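J.: If you read the protein sequences in the order shown, they are chains Y and D. One point on numbering: in the numbering used here, the residue at position 525 of the first sequence is 525, and numbering is uninterrupted. One point on numbering: in the numbering used here, the residue at position 84 of the second sequence is 84, and numbering is uninterrupted.
Bear in mind the hints are in silico, worked out from the structure with no lab data behind them. Fair warning: there could be bad hints in the mix.
Distance condition first, Cα-Cα at most 20 Å in a straight line; then the derived DMTMM-like pairs of lysine to aspartate or glutamate [to be verified]: (1) LYS643(Y) x GLU292(Y); (2) LYS583(Y) x GLU557(Y); (3) LYS583(Y) x ASP661(Y); (4) LYS84(D) x GLU265(Y); (5) LYS644(Y) x ASP282(Y); (6) LYS599(Y) x ASP121(D); (7) LYS665(Y) x GLU117(D); (8) LYS665(Y) x ASP121(D); (9) LYS30(D) x GLU74(D); (10) LYS243(Y) x ASP18(D); (11) LYS114(D) x ASP661(Y); (12) LYS68(D) x ASP121(D); (13) LYS30(D) x GLU265(Y).
Example chain Y residues on the side facing chain D (calculated, C-beta under 10 Å, incomplete) [to be verified]: (14) PRO196; (15) ALA207; (16) SER338; (17) THR342; (18) LEU387; (19) GLY391; (20) ALA622.
Keep in mind it's a predicted model, so treat the numbers as computed, not measured. Just so it is clear, CB atoms sit at the ideal spot from N, CA and C, and this is done for glycine as well.
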Amino acid sequence: MSEDTQMSRRDFLKSGAALGGGLVIACHVPLLGPAWGADPAAFAPNAFLRVASDGTTTIIVGKAEMGQGVYTSLPMLVAEELACDWRKVRVEAAPDALAYNHTTFGMMVTGGSSSVWSEWERLSSAGATARTMLVQAAAQTWKVKPESCRAENGAVLGPAGRRLSYGELAAKAAKLPVPEKVALKDPKHYTLLGKPMHRIDSPAKIAGTAIFGIDVQVPGMLTAVIARPPVFGATLKSMDATKARQVPGVVQVVAIPAGVAVVAEGFWPAKTGRDQLETVWDEGPGSGLSTEGMRAEYARLGATPGLVARREGSAETALPAAAQLLQAEYEVPYLSHSPMETLNCFVDLKPGSCLIRTGSQFQTVDRAAAAKAAGLKPEQVTLETTLLGGGFGRRANPASDFVIEAVQVAKAVQKPVKVVWSREDDIKGGYYRPMWYDRISAGLSDGKLTSWKHTIVGQSIITGTAFESALVKNGIDDTSVEGAADLPYPIPNLQVELHSTRNVVPTLWWRSVGHSHTAFVVESFLDEVALALGKDPYRYRQELLAGHPRHLGVLNEAARMSGWGTDLPAGHGRGICVHESFKSFVAQVAEVSLDGSGKLVVHRVYCAVDCGRIVNPDTIAAQMESGVAFGLSAALYGAITLKKGRVEQANFDSYPVLRLDAMPKVEVSIIKSAEKPGGIGETGVPPIAPAVANALFAAVGARVRTLPMTPQRIAAARGRS
Amino acid sequence: MITFHVNGKLHRVDASPDTPLLWVLRDNLKLTGTKFGCGEGLCGACTVLINDLPQRSCSVSVSEVQDKRITTIEGIPASHPVKKSWIAQEVSQCGYCQPGQVVSAVALLKRHPKPTEVQIDHAMAGNICRCGSYQRIRTAIHAAAGTVSKGGKP
């Protein structure tokens with residue numbers, strides 16, 4: 001990015017034109033307290049901010065806040081250029097309008113760790129535009145040149161000590177033409193960006209007043225809980241709702257495509273009624289599925305040629321000719337996102353209109369799906385985005401499952417209704433991170449890695465969705481091979497192949513998507529290669545990454561932080577890993593040991609991150625801690641398995657996640673960088689599983705190639721070693 | 001009719017006696033700060049104080065709280081050291097589990113004003129956070145207690 005990015009007015013208005021230029025604010029969702037969103041818009045030069053006559057600056061954020069900090073980082077981008085008083089900044093959730101479409105993806109979406117890089121220029125320009133107009137308004141008032149004035153902390157300062165606050169200037173600025181071009185600040189003059197700022201959403205969240213989707217209530221609203229099929233793809237054969245209807249508070253029982261909805265005056269009667277339903281399902285072919293059977297089929301496929309995702313040289317001829325051949329199979333299971341807030345969706349369907357309130361990462365898609373389900377046009381549907389009690393990808397579903405079913409219930413009920421999922425519904429409900437099987441080989445000759453063949457087997461997330469034509473090229477779903485086909489290591493003979501399997505289990509992007517599995521395989525196996533060559537895993541990566549300064553930067557920093565090479569207590573081991581994802585680079589060193597019962601204990605994690613130019617360093621640190629914790633849940637515990645087509649897990653007892661007593665100490669170092677901004681929400685996840693697996697090997701000599709790393713798998717690997 | 005105090009206020013509620021306290025708080029009394037996470041007492045998102053003791057409100061029926069004193073997240077003053085510390089240490093991410101975390105921490109500090117790492121583990125391991133704010137929860141508890149965090153595992 002240039003130091004002074006210019007953006008033409010034409011470009012700027014392209015995104016906002018459909019809203020008719022200036023005043024665009026239609027939606028006030030008081031997510032963070034009732035007083036917010038009530039200020040009059042005195043000055044609203046674009047879709048992203050307005051300044052009230054009391055100086056209150058409302059910044060409208062088109063990204064969903066799900067913990068990653070966009071309700072603070074994106075306002076910081078606006079406020080830096082606007083030079084407003086940060087203490088007077090308020091945040092409002094954007095309506096589902098074209099102005100807030102993703103600058104690259106062309107629809108309203110929060111995902112791909114893209115919020116900061118995709119909004120940097122647009123929001124900086126929005127702030128700079130408003131600042132330019134406020135300065136102009138002050139200069140006109142004082143009859144001086146704008147160049148003799150400057151903006152600072154919510155006021156314009158002019159010659160001879162003159163000062164007018166933004167609130168005082170707002171009405172006058174609103175009458176000025178919006179400038180064609182605005183100059184952005186030189187980063188060396190930043191006052192906000194790069195400084196640790198408190199989150200704007202924290203006080204309401206700690207007070208208990210913040211509104212998540214599940215908290216939406218309106219007078220007369222009903223609550224629905226749905227009896228869902230026991231097997232993916234099953235359809236309802238018959239039901240007996242007699243007992244369900246007898247539950248006090250149950251008002252209606254209605255069959256919809258997703259199952260049978262029990263509608264009641266509150267969650268508890270709806271859930272009780274749901275549990276009293278008697279249903280018979282036509283299970284279809286899904287009842288034949290089992291993890292064991294799938295695993296065998298995947299392993300069989302993995303030994304056959306797949307579609308080629310990357311080819312350099314000839315791995316096929318180089319591998320058999322190598323002096324030493326390493327071969328391994330890696331496996332990872334289906335994973336549930338399991339955000340703490342279970343899925344939910346509020347719908348108020350009236351003739352000719354439909355209001356939806358939910359935590360959506362995918363407003364454009366969800367709104368279109370809702371319109372179709374309601375028999376309305378998309379413009380007749382309003383989608384208000386609430387806070388999300390975690391998303392991790394689950395609320396960006398091309399199938400809009402939780403929205404469509406809620407509209408279908410609303411059609412039957414003809415009253416405002418909120419569908420709420422139980423935890424069991426959520427864990428058994430599909431849209432999992434795919435199960436993957438990887439077969440990988442390396443050829444070593446003369447102390448060098450000369451060939452590498454990696455065959456990946458698993459379901460495509462994208463195939464069969466509306467995104468297939470854009471994201472699946474020549475049969476290769478890029479999200480299946482990302483992190484593997486583009487590995488940074490210079491290997492003269494390299495082949496990456498893919499088998500995309502199909503079955504009825506719905507899959508979806510899960511925080512870090514393909515990287516969640518490929519980093520584990522590539523970075524574990526690279527450790528195996530290093531050790532086979534008799535090299536230190538850190539030094540070996542250093543050697544291979546000579547041409548990759550950003551990989552090398554984080555690698556060296558994580559190693560330095562960890563005291564790589566220094567002594568550890570007996571039984572402890574360190575493992576290292578470096579991985580690029582979502583335009584950012586992360587290296588982690590984990591220190592682990594086994595406790596008396598053979599359980600893995602992760603003591604410390606040192607994490608170095610290079611995400612380019614930074615906004616809020618405290619959010620970056622928090623996201624790295626978060627990525628480590630989320631990734632450890634998968635590395636140590638997480639697995640969705642199937643038997644006779646039924647998901648064997650149901651709640652946090654059978655699908656355990658990391659708890660406080662197992663959280664390692666995480667130290668984060670952020671590399672100072674002038675590079676383009678990269679992603680931060682997902683990039684902390686991929687490195688932790690391989691860092692821990694490599695550390696486990698260093699500690700006890702056991703290589704675990706299947707996740708999660710349960711005590712049983714560790715014991716079995718120790719028996720092999 | 002079941003009668004009990006919530007945040008110092010007397011409530012008379014007409015609900016089926018087996019209804020979990022959680023849903024009476026959320027659906028009848030509109031106190032939505034107390035969150036639903038699992039319904040089985042496994043995640044702690046619904047933690048409230050019942051007669052000053054932390055309990056999972058999803059697993060306590062409303063009939064069991066007759067004449068008892070309930071404190072929810074809304075009833076803990078903003079000036080409470082735990083709430084202040086949670087903001088100062090920037091614990092929240094998505095924030096959904098944090099009401100339960102705060103209530104558990106309030107109860108912990110009432111029982112152990114200077115908690116050890118093991119006491120923190122014991123009191124807080126029942127509260128799941130999928131965003132992984134655990135390290136900051138530990139730091140925030142120490143800050144509220146005026147003790148120094150050693151941080152993480154030994």
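J.: Indicate, hint by hint, whether the structure satisfies it.
T.: Verification of the supplied hints:
Distance restraint check for LYS643(Y) and GLU292(Y): the Cα-Cα separation of roughly 8 Å lies within the 20 Å cut-off, and the hinted pair is therefore satisfied. The straight-line distance between the Cα atoms of LYS583(Y) and GLU557(Y) is roughly 18 Å, inside the 20 Å bound, and the hint therefore holds. Between LYS583(Y) and ASP661(Y), the direct Cα distance comes to roughly 32 Å. Violation of the 20 Å bound is thereby established for this hinted pair. Of the supplied pair hints, the one linking LYS84(D) and GLU265(Y) is violated, its CA atoms being roughly 36 Å apart against a limit of 20 Å.
With a CA separation close to 14 Å, the supplied pair LYS644(Y) and ASP282(Y) stays within the 20 Å bound. A threshold of 20 Å between alpha carbons decides the hint, and for LYS599(Y) with ASP121(D) the separation of about 17 Å falls inside it, so the pair holds. Under the criterion of a C-alpha separation no larger than 20 Å, the hint pairing LYS665(Y) with GLU117(D) is consistent with the structure, at around 13 Å. For the given pair, LYS665(Y) sits about 13 Å from ASP121(D) by alpha-carbon distance, which is consistent with the 20 Å threshold.
Pair hint LYS30(D) plus GLU74(D) holds up; C-alpha atoms about 11 Å apart against a cutoff of 20 Å. For the hint pairing LYS243(Y) with ASP18(D), the CA-to-CA distance comes to about 17 Å; that is within 20 Å, so the pair holds. A distance of roughly 18 Å separates the Cα atoms of LYS114(D) and ASP661(Y); the hinted pair therefore holds under the 20 Å criterion. For the hint pairing LYS68(D) with ASP121(D), the CA-to-CA distance comes to about 28 Å; that exceeds 20 Å, so the pair is violated.
Only pairs whose Cα atoms come within 20 Å are accepted, and LYS30(D) paired with GLU265(Y) is accepted, the gap being roughly 13 Å. A cut of 10 Å between beta carbons decides the hint on PRO196(Y): the least distance to chain D is about 8 Å, and the hint holds. Annotation: interface hint on ALA207(Y) holds; nearest CB of chain D at approximately 6 Å, less than 10 Å. The beta carbon of SER338(Y) is positioned within 10 Å of a beta carbon in chain D (closest approach about 6 Å), and the interface hint is therefore held.
With its C-beta approaching chain D no nearer than about 7 Å, THR342(Y) sits inside the 10 Å limit, and its interface hint holds. Given hint, LEU387(Y) at the interface with chain D, holds; its Cβ is 7 Å from that chain's nearest Cβ, closer than 10 Å. Residue-level restraint check for GLY391(Y) holds (minimum Cβ-Cβ distance to chain D is 8 Å; threshold 10 Å). Taking 10 Å as the C-beta contact cut-off toward chain D, the hint placing ALA622(Y) at the interface holds, the least distance being around 6 Å.
In this structure, the earlier hints numbered 3, 4 and 12 are contradicted, and the remaining ones agree with it.
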